[in-house]
Amino acid sequence: MSFSWMAWTLPTAMFFLTILALLIGMSIWEYFAPGGSPRIGILRFETTRGDRLFISLLGAAFIHLAWLGLVGPNLWWALAIAVVYAVGVFRFV
Amino acid sequence: MEKTWNNKAWFLVLPVLLLVAFSAVIPLMTVVNYSVQDTFGNNEFFWAGTDWFDEILHSARFWEALQRNLVFSFIILALEIPLGIFIALNMPKKGLGVPICLVLMALPLLIPWNVVGTIWQVFGRVDIGLLGHTLAALGIDYNYVRDPLDAWITVVVMDVWHWTSLVVLLCYAGLVSIPDAYYQAAKIDGASRWSVFRYIQLPKMKRVLLIAVLLRFMDSFMIYTEPFVVTGGGPGNSTTFLSIDLVKTAVGQFDLGPAAAMSIVYFLIILLLSWIFYTVMTSHDADA
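So the sequence lines, in the order shown, correspond to chains A and B.
Using my numbering, the letters of the first sequence correspond one by one to residues 373 to 465.
Using my numbering, the letters of the second sequence correspond one by one to residues 12 to 299.
It should be emphasised that the hints constitute simulated quantities derived from the structure, not laboratory data.
Treat each hint with caution, since some may be false.
[Said to hold, decoys possible] What follows is a set of in silico ranges between Cβ atoms, one per label pair, in the way DEER data are often shown:
#1 A/L389 x B/I287: 47 to 55 Å
#2 A/L415 x B/L225: 33 to 41 Å
#3 B/I287 x A/G444: 44 to 52 Å
#4 A/R411 x B/G52: 13 to 21 Å
#5 A/L389 x B/E66: 24 to 32 Å
#6 A/G444 x B/M233: 28 to 36 Å
#7 B/G150 x A/L415: 42 to 50 Å
#8 A/R411 x B/V187: 31 to 39 Å
#9 B/Y194 x A/L442: 54 to 62 Å
#10 B/W205 x A/T420: 23 to 31 Å
[To be verified] Just a few of them, taken from the derived set where beta-carbon distance is under 8 Å, the chain B residues facing chain A:
#11 V47
#12 T61
#13 L279
#14 L283
[As the list claims (entries may be wrong)] Covered stretches of chain B (chain A as the covering partner; in silico rule of three or more C-beta atoms under 8 Å from a C-beta of chain A):
#15 49-58
#16 107-116
#17 203-217
Glycine is no exception: its CB is placed at the ideal position from the N, C-alpha and C atoms.
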């Protein structure tokens with residue numbers, strides 16, 4: 373079966389493999405600590421760690437878009453900000 | 012009693028996962044792949060990096076279409092939700108009127124989107140349409156082909172006609188599920204009509220209203236067929252919503268790269284707004 377129609381490139385493959393690795397990592401975490409560790413953080417509504425991953429990924433997408441629109445095409449700083457943002461989300465939200 | 016955990020149950024989810032993978036995940040992955048490349052057909056692709064995203068984010072056409080989408084969704088929610096609640100409150104709760112009203116309400120939902128567009132396109136025409144001809148006879152200068160405001164009014168009224176009944180049916184389902192004991196207690200306490208609505212009916216409808224708001228927001232934000240059939244995005248670009256712009260770019264111009272980048276930005280905006288709606292409404296529900 374050929375997947376050439378999907379027009380794969382190394383960067384997009386790495387992007388999806390990262391997402392997959394995150395999902396597998398979250399599943400392993402859930403296996404060892406079931407229940408999703410719900411808590412009420414600074415946003416004042418209950419989130420599980422799955423919610424926190426969703427907020428992190430969605431936020432990361434918008435951070436990259438904002439950087440691209442406002443600063444320029446070099447996205448390494450946007451990636452750094454997104455990682456800091458994700459750590460913040462997992463720590464405080 | 013200790014809760015039983017059976018992880019074999021996860022295998023039952025596999026068919027759904029496969030279905031979602033083929034209907035959503037794989038197409039989405041393909042769109043992401045296209046968004047960073049350029050193609051001239053023949054399945055040949057050239058790396059473009061973030062160029063298309065850069066182009067989209069600096070495109071006035073994109074921002075104007077997004078603005079139109081947001082305004083349209085806001086108008087639709089502001090009209091359809093209160094109107095749907097009002098109609099549901101006034102529908103009969105027993106007797107022959109119930110099936111008659113339910114069938115009448117369900118009728119617009121059964122009509123395919125392109126047919127709705129065609130109905131309103133003919134209905135609004137000044138030369139042969141009942142609405143357009145009547146308004147012209149009354150001396151009202153109405154022409155949705157020429158005037159942007161008339162085009163907007165036509166598209167909004169068409170959407171209200173098509174989809175308010177969904178809100179009505181959802182609200183009605185919420186209303187009929189309220190036990191009579193609540194109304195009897197309210198009657199004993201001498202509660203006014205407004206108090207009954209505010210403290211009994213509205214809280215009991217909250218969950219169905221959440222579904223109604225989410226469905227109507229997502230649908231109105233992704234609207235394509237009806238305005239495309241009625242106005243084709245015109246006059247000018249006045250009713251060109253993001254979806255219409257997207258199809259023009261992807262199919263009309265065969266610019267798959269920019270169209271894919273636009274699709275992703277569009278998808279992220281819908282995801283963000285739907286998540287905000289859902290979180291605000293459910294967290295408010297949890298506080299209550």
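Hints, one by one, checked against the model:
| no. | hint | verdict |
| --- | --- | --- |
| 1 | A/L389 x B/I287: 47 to 55 Å | violated (29 Å) |
| 2 | A/L415 x B/L225: 33 to 41 Å | violated (19 Å) |
| 3 | B/I287 x A/G444: 44 to 52 Å | violated (28 Å) |
| 4 | A/R411 x B/G52: 13 to 21 Å | violated (52 Å) |
| 5 | A/L389 x B/E66: 24 to 32 Å | holds (27 Å) |
| 6 | A/G444 x B/M233: 28 to 36 Å | holds (31 Å) |
| 7 | B/G150 x A/L415: 42 to 50 Å | violated (55 Å) |
| 8 | A/R411 x B/V187: 31 to 39 Å | holds (37 Å) |
| 9 | B/Y194 x A/L442: 54 to 62 Å | holds (56 Å) |
| 10 | B/W205 x A/T420: 23 to 31 Å | violated (38 Å) |
| 11 | V47 | holds (6 Å) |
| 12 | T61 | holds (5 Å) |
| 13 | L279 | holds (5 Å) |
| 14 | L283 | holds (6 Å) |
| 15 | 49-58 | holds (count 4) |
| 16 | 107-116 | violated (count 0) |
| 17 | 203-217 | violated (count 0) |
Checked against the numbered hints above, the structure breaks hints 1, 2, 3, 4, 7, 10, 16, 17 and satisfies the rest.
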